[in-house]
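Peer 1: Top to bottom, those sequences are chains A and B. Heads up: the first sequence runs through residues 92 to 270, numbered per my numbering. Heads up: the second sequence runs through residues 319 to 487, numbered per my numbering.
Each hint should be verified, as a subset may be incorrect.
Computed list of lysine-lysine pairs in BS3-like fashion (alpha-carbon distance at most 27 Å, straight line) [as the list claims (entries may be wrong)]:
#, chain 1, residue 1, chain 2, residue 2
1, B, 371, A, 152
2, A, 157, B, 329
3, A, 263, B, 371
4, A, 213, A, 157
5, A, 181, A, 256
6, A, 256, A, 240
7, A, 240, A, 157
8, A, 213, A, 181
9, A, 256, B, 329
10, A, 263, A, 181
11, B, 371, A, 106
12, A, 240, A, 152
13, A, 263, A, 240
14, A, 213, A, 262
15, A, 213, A, 152
16, A, 262, A, 240
17, A, 240, B, 329
18, A, 106, A, 152
19, A, 262, B, 329
20, A, 157, A, 106
It should be emphasised that the hints constitute simulated quantities derived from the structure, not laboratory data.
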Amino acid sequence: MGSSVELTRIIDGCKSGDAESFARVVDVYAGRLYGYFYRLTGDRNLSDELLSELFMRLVEKIGTYKGGSFESWLFRIASNIFHDHLRSRKRRRKLLDSRRTEAEFQTPEPKVSDAKDEKLDKLQFQLNRLDDDTRELIMLRFYSELSFKEIAEARSEPIGTALSKLHRGLKKLREFMEG
Amino acid sequence: MEDRNREDWEKLFGRFVGTEQSEAAAEDIRRGQTLLELYPAPQPDARLVASIKRRIAGRLAHRHRFAHLAYRIAPAAAAVIVIALLGRFRHGPAGSTQISYASLIPTAIWESDDINADDVELAYFAAEIEQIEAQMRALEAGDADSNGANALDEVEVELLRIDTEFWKE
Numbered sequence: 092m093g094s095s096v097e098l099t100r101i102i103d104g105c106k107s108g109d110a111e112s113f114a115r116v117v118d119v120y121a122g123r124l125y126g127y128f129y130r131l132t133g134d135r136n137l138s139d140e141l142l143s144e145l146f147m148r149l150v151e152k153i154g155t156y157k158g159g160s161f162e163s164w165l166f167r168i169a170s171n172i173f174h175d176h177l178r179s180r181k182r183r184r185k186l187l188d189s190r191r192t193e194a195e196f197q198t199p200e201p202k203v204s205d206a207k208d209e210k211l212d213k214l215q216f217q218l219n220r221l222d223d224d225t226r227e228l229i230m231l232r233f234y235s236e237l238s239f240k241e242i243a244e245a246r247s248e249p250i251g252t253a254l255s256k257l258h259r260g261l262k263k264l265r266e267f268m269e270g
Numbered sequence: 319m320e321d322r323n324r325e326d327w328e329k330l331f332g333r334f335v336g337t338e339q340s341e342a343a344a345e346d347i348r349r350g351q352t353l354l355e356l357y358p359a360p361q362p363d364a365r366l367v368a369s370i371k372r373r374i375a376g377r378l379a380h381r382h383r384f385a386h387l388a389y390r391i392a393p394a395a396a397a398v399i400v401i402a403l404l405g406r407f408r409h410g411p412a413g414s415t416q417i418s419y420a421s422l423i424p425t426a427i428w429e430s431d432d433i434n435a436d437d438v439e440l441a442y443f444a445a446e447i448e449q450i451e452a453q454m455r456a457l458e459a460g461d462a463d464s465n466g467a468n469a470l471d472e473v474e475v476e477l478l479r480i481d482t483e484f485w486k487e
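Isolated chain B, as found in the complex (with noise of 0.2 Å):
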């Protein structure tokens, strides 16, 4: 193998030891080199060539396809983006944000002068609410072990779905 910056050994070694020595050291360098010179190392194999090149190829075209797709949704993550700020801006600060529980119980019961009526309907919705109070305690509580473990699983589920289709397209 030709020695491409044709290195002047003299001179380098001369630098830290004496003319002599600086002679001696350099012939030792070129013989060395001579020597492995007559023992080539093996050359990589075609296949392998061909293989580390379709690699590239691959490598590059999916990190393509991540960049064209990116463009591609940049617009909307920016549009969702601009909706959740502005509705922040209209629901003012963010301290005032606190979780509510919708009324399940129609107007209609809540009006009624009948209790002997509403009673049974009452009740149940009473039920309802106990246990739907349950279930948002769990999910603030993260406990899977209660009836809230449905729910977060069924939530983990519609991620992982909405994951795995958004990577497809």
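This is chain A alone, in the form it adopts within the complex (with noise of 0.2 Å):
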């Protein structure tokens, strides 16, 4: 985005419901917003859906944007979609164990297959070691391109004790690269 009275001109456009203006804020973002999903879930098809709400979701709330850092206020629906997503994964999983249980005691237990519908590169697969909240303060850091004081308001948590996750964090993630 050239500046920010081109990207105030943008979002004025997009408060008015005008579909340029939306469509230009898709390809300035779209990338940087891919890559965060993609990086949190390692999965391609999960990562479209997830961008794909997320603009939904913009198209909704753009009239909420009260001004500040727009991308901030972006990278906090992408968290906030993100954690959803977690939540109903984890209600997912609980209700596939509370099947499987049952299951059990039916049927013989069927071959777990470990061939991945996606070949993980190398960074995914040791990003995948690191827990769901530290990953995902790393590339909050790295894509959003936020400054420090903005990520840690965006979590709202102390500056210190996010500096502090990030840094255990990708210190961990070179230990697991170089290991």
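Bring the two chains, given one by one in their own frames, into a single complex with the hints.
Peer 2: Right, dumping it as structure tokens:
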């Protein structure tokens, strides 16, 4: 995005319901937001879904944007969408676990296949070894390009806590990659 | 990926730890970020981006149609409200509202002295009134199994029809 004046003009266009302005926002932010979702999930199909969901939510919520860092606001929505996904995944897993327990009494255990739908790159594999919260913090810092102060605010946690988590997370990731 | 804010990591860590530690931590962060840059995430498919833009345009068009429709029906809705309010003022306060049953018996029968001739018709009208009263009671009680159910169904079907045709406009 060229300048903050241009961004303001585009956001005003979005607020007045101009499809072209929304298309411009998609062009500018889709790549980074997709990277954010992909590195958090490691799944292209799921990242497709989350990215679509994000922009649909943007259409609904653009009226509530009251200025300040647009990126921070947008990535906060992205973070909320990711957390919604985590919650629904937990619910599904619980349901599956309970069904599996029931099924174990009825049928022999099926052979579990190790084949993945998607080949994960080395970084993705090691990222998955980090806990969700740390992984999200690292990705938020890397893809949103927000200042650390903005990130700490977006996560509603003290800057020192976020900084320490980022440091530990990145160090651990490097160790995993080198190990 | 370029660090947009050119974060001064040493200064940031320096607020919490000593100089030596803050330099080491800042170096850890920089090396971690370099690592992430070595493995760029895939970009969204062009078809996905196009599909998102199409969906947004569709959503906006739908919203525009709704606003346009609301704008069109607003005068009619206002007229209905005004008429309802005028009717309310003309007929007095709301507390006096009650269900009234229209007379189904023609005046000629009421005023006739020929009871024999009127008997059959009276019996017929009395039966009609009883049936209508039963239907009214059922409607008031919301009893779906009684004769009132058909009347309720008819009203419901009519409402559905109005609703469907309204949104097709």
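Peer 1: Could you tell me which of the numbered hints above are not met by this structure, giving the numbers in increasing order?
Peer 2: 2, 3, 4 and 15
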